[in-house]
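Trainee: Let the sequences and hints guide you as you build the complete structure.
Chains A and B, in that order, give the protein sequences.
Mapping of the first sequence onto my numbering: residues 1 to 367, in sequence order.
Mapping of the second sequence onto my numbering: residues 1 to 367, in sequence order.
If you are wondering where the hints come from, they were derived from the structure by calculation, not from laboratory data.
Mixed in with the good hints there might be a few duds.
Because identical chains cannot be distinguished in the list, a pair is counted as satisfied if it fits within a single copy or across any two copies.
What the hints assert, rightly or not - Here are the simulated PhoX-like cross-link-like pairs (lysine-lysine), alpha carbons at most 25 angstroms apart as the crow flies: (1) K282 with K266; (2) K191 with K74; (3) K74 with K96; (4) K224 with K280; (5) K224 with K191; (6) K249 with K191; (7) K249 with K96; (8) K280 with K266; (9) K249 with K224; (10) K281 with K224; (11) K74 with K266; (12) K249 with K280.
Number of protein chains: 2
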Amino acid sequence: MNTPVRIALDAMGGDFGPNVVIPGAVLALARRPQTEYLLFGDSSQIEPLLARHSELAAHSRIIHTTSAVRMDEKPSQALRHGRRTSSMWLALDSVKKGEADFAVSAGNTGALMAMAKFTLRTMAQIERPALAAFWPTLRGESIVLDVGASIGADAQHLVDLAIMGAAMARIVFDIDSPSVALLNVGVEEIKGIEEVKAAHRMLREAALPNLDYQGFVEGDDLGKGTADVVVTEGFTGNIALKTAEGTAKQIASYLRAAMARDVRSKIGYLLARGAFEALKKKLDPRSQNGAVFLGLDGIVIKSHGGADAVGFAGAVEIGYEMIRNEFLDRIRHSLTLSQERRMTSAAPAQLTENEPGAGRTLSGLTK
Amino acid sequence: MNTPVRIALDAMGGDFGPNVVIPGAVLALARRPQTEYLLFGDSSQIEPLLARHSELAAHSRIIHTTSAVRMDEKPSQALRHGRRTSSMWLALDSVKKGEADFAVSAGNTGALMAMAKFTLRTMAQIERPALAAFWPTLRGESIVLDVGASIGADAQHLVDLAIMGAAMARIVFDIDSPSVALLNVGVEEIKGIEEVKAAHRMLREAALPNLDYQGFVEGDDLGKGTADVVVTEGFTGNIALKTAEGTAKQIASYLRAAMARDVRSKIGYLLARGAFEALKKKLDPRSQNGAVFLGLDGIVIKSHGGADAVGFAGAVEIGYEMIRNEFLDRIRHSLTLSQERRMTSAAPAQLTENEPGAGRTLSGLTK
Numbered sequence: 001m002n003t004p005v006r007i008a009l010d011a012m013g014g015d016f017g018p019n020v021v022i023p024g025a026v027l028a029l030a031r032r033p034q035t036e037y038l039l040f041g042d043s044s045q046i047e048p049l050l051a052r053h054s055e056l057a058a059h060s061r062i063i064h065t066t067s068a069v070r071m072d073e074k075p076s077q078a079l080r081h082g083r084r085t086s087s088m089w090l091a092l093d094s095v096k097k098g099e100a101d102f103a104v105s106a107g108n109t110g111a112l113m114a115m116a117k118f119t120l121r122t123m124a125q126i127e128r129p130a131l132a133a134f135w136p137t138l139r140g141e142s143i144v145l146d147v148g149a150s151i152g153a154d155a156q157h158l159v160d161l162a163i164m165g166a167a168m169a170r171i172v173f174d175i176d177s178p179s180v181a182l183l184n185v186g187v188e189e190i191k192g193i194e195e196v197k198a199a200h201r202m203l204r205e206a207a208l209p210n211l212d213y214q215g216f217v218e219g220d221d222l223g224k225g226t227a228d229v230v231v232t233e234g235f236t237g238n239i240a241l242k243t244a245e246g247t248a249k250q251i252a253s254y255l256r257a258a259m260a261r262d263v264r265s266k267i268g269y270l271l272a273r274g275a276f277e278a279l280k281k282k283l284d285p286r287s288q289n290g291a292v293f294l295g296l297d298g299i300v301i302k303s304h305g306g307a308d309a310v311g312f313a314g315a316v317e318i319g320y321e322m323i324r325n326e327f328l329d330r331i332r333h334s335l336t337l338s339q340e341r342r343m344t345s346a347a348p349a350q351l352t353e354n355e356p357g358a359g360r361t362l363s364g365l366t367k
Numbered sequence: 001m002n003t004p005v006r007i008a009l010d011a012m013g014g015d016f017g018p019n020v021v022i023p024g025a026v027l028a029l030a031r032r033p034q035t036e037y038l039l040f041g042d043s044s045q046i047e048p049l050l051a052r053h054s055e056l057a058a059h060s061r062i063i064h065t066t067s068a069v070r071m072d073e074k075p076s077q078a079l080r081h082g083r084r085t086s087s088m089w090l091a092l093d094s095v096k097k098g099e100a101d102f103a104v105s106a107g108n109t110g111a112l113m114a115m116a117k118f119t120l121r122t123m124a125q126i127e128r129p130a131l132a133a134f135w136p137t138l139r140g141e142s143i144v145l146d147v148g149a150s151i152g153a154d155a156q157h158l159v160d161l162a163i164m165g166a167a168m169a170r171i172v173f174d175i176d177s178p179s180v181a182l183l184n185v186g187v188e189e190i191k192g193i194e195e196v197k198a199a200h201r202m203l204r205e206a207a208l209p210n211l212d213y214q215g216f217v218e219g220d221d222l223g224k225g226t227a228d229v230v231v232t233e234g235f236t237g238n239i240a241l242k243t244a245e246g247t248a249k250q251i252a253s254y255l256r257a258a259m260a261r262d263v264r265s266k267i268g269y270l271l272a273r274g275a276f277e278a279l280k281k282k283l284d285p286r287s288q289n290g291a292v293f294l295g296l297d298g299i300v301i302k303s304h305g306g307a308d309a310v311g312f313a314g315a316v317e318i319g320y321e322m323i324r325n326e327f328l329d330r331i332r333h334s335l336t337l338s339q340e341r342r343m344t345s346a347a348p349a350q351l352t353e354n355e356p357g358a359g360r361t362l363s364g365l366t367k
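Mentor: Laid out in structure tokens, this is it:
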């Protein structure tokens, strides 16, 4: 535990660039004194900010870059003009070279994913990386993946997502055996797409260690926190995530309108202001900051583009926890283990997937 | 406009059966005097309720049934024991036989879909029916379909959903040319699944009359009301709908907890009670009551199982509007028209779908 954790920061990423990244790093360092920072970005912007924070200055090094990926750039554009030169690319590349233990960027998600795949590559057992988000629930927080790193998933990819999500939950939530569920729909007879059904069977039969597979959940279980980890493919996951964010904004807007409708309501609002502030904080996407790219040969944390310094420091903390808990090794171990199991027990399950009655058996197992 | 509209009601459906259906019919009749009701259900339960409402009694007829579909029954079970005998089946069958113009049930959604498909069959051009829901938005209401009638959709089915949804919006929202969008994800380069991209191109090239195709929207556009009609396949649609419902409940729960946290908040709550009641009403799923099965050779409205009499009357009103506006004929006309266009202009679009650069062109068109 004595070696410091070395953290690569894309200082130009996000809506506020170094104005959030540097104060964020100050907070992160205060929380974890055994950290060092590689700050990738325009030194003329970073230096004046760093001058105010001698402690961080002593624990960091600026790597001057002249190009930055814009928030609205397409991944292919970003790769074209930002490869080998942009703050984002170089931060990721320092992880690849072993100069940093993990990277954090608040920049363009699509570009970050494309560059991370390019520099770090995926793990041996994984074809495509996934993006795991923290989902606020009535019971606390869940991890939901994939929320949009790739579109479509076969049963094996869904199982891999379950394994990676569980490994992440073990570390981040400190639970020995996180509950894991597959996102599905509720109409019994047509329950789910074939891939989801097949993944359901594979997860049940594999009986993976430290993964408490619970079967299917529906969209409204996300907010309830029915499972620690909810697995779905990226198209549906992205739409579910954005639908929830949209609904939260919509209700906040209704609430503002309701509280402004007459004098009584306005006075009531003033009296209950503390309560409203607490609620606002709860609904603030920054309080659940830091989505994680999983399946890469390296740790990359995506901070919310609009996050403030506290939010950014939270994203750094996630990466720190993952490093200190040897996340990559543990995920590799879980994946290898599950691959071995697949080769023995789970294979026959796949072969019989289309036999008559299989669908019925599965439906019976769901609730 | 002088012929009365004849309405078949599954009096046993929903959480409250005739206790909601009969008062609901009373309200519906008061609103639309030119209606007549066929009440399918247990006459020993219906008669005492009807005795209190002479006006409805004069405009209705009870068809006594001895079996009813339970709310928790699987569609196959319901079909097995409720076929030809249950209130739900017989209500649908009366539409099939031309004795009623449309049917309303607050019963089991899966069973209603299965029975409706069985009795009414799908329209000639449509392979599978869809379930269209009203989605409350910041601008009012949108129609979202499919929210779970069937899983998976090819491009043609998505186009059919767009046509049916637009026809419904024209009637229910009284808009000449409703805006229609396809639900998709936001990461540019991997934007969408092949079916969604192909449907996007078909809708653009077909340039259907009275349908203002707007391209892609994302999950958070649902609550904003960016388009009058949002089209997606049933798996994603069902998960989006339930995720939004779950998020609304979650926030309501946070809000209740916040308002109870101290004396000031409690007093504030009491003062702003009217505002909270208005908000509660806005979030109440009953206020957007009445999902519609589309693509069937007949009109079937699904009322929310927990709806009250006002909600149930709202579901009846939707069916009434659809009949008075000759919904089925208009949908058939739209579908035939689009089929003709497909045979001419849209066919080459499908053939060139996989040519190099097609994906890029599509991404460029999206926002």
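Trainee: Against this structure, judge whether each hint is valid.
Mentor: Going through the hints against the structure:
no., hint, result
1, K282 with K266, "both (22 angstroms within a copy, 19 angstroms between copies)"
2, K191 with K74, "between (36 angstroms within a copy, 11 angstroms between copies)"
3, K74 with K96, "within (23 angstroms within a copy, 53 angstroms between copies)"
4, K224 with K280, "both (19 angstroms within a copy, 19 angstroms between copies)"
5, K224 with K191, "within (21 angstroms within a copy, 29 angstroms between copies)"
6, K249 with K191, "between (30 angstroms within a copy, 24 angstroms between copies)"
7, K249 with K96, "neither (38 angstroms within a copy, 44 angstroms between copies)"
8, K280 with K266, "both (17 angstroms within a copy, 17 angstroms between copies)"
9, K249 with K224, "both (18 angstroms within a copy, 9 angstroms between copies)"
10, K281 with K224, "both (18 angstroms within a copy, 22 angstroms between copies)"
11, K74 with K266, "neither (44 angstroms within a copy, 49 angstroms between copies)"
12, K249 with K280, "both (10 angstroms within a copy, 16 angstroms between copies)"
Figure legend: structure checked against the earlier numbered hints; hints not met, in rising order: 7, 11.
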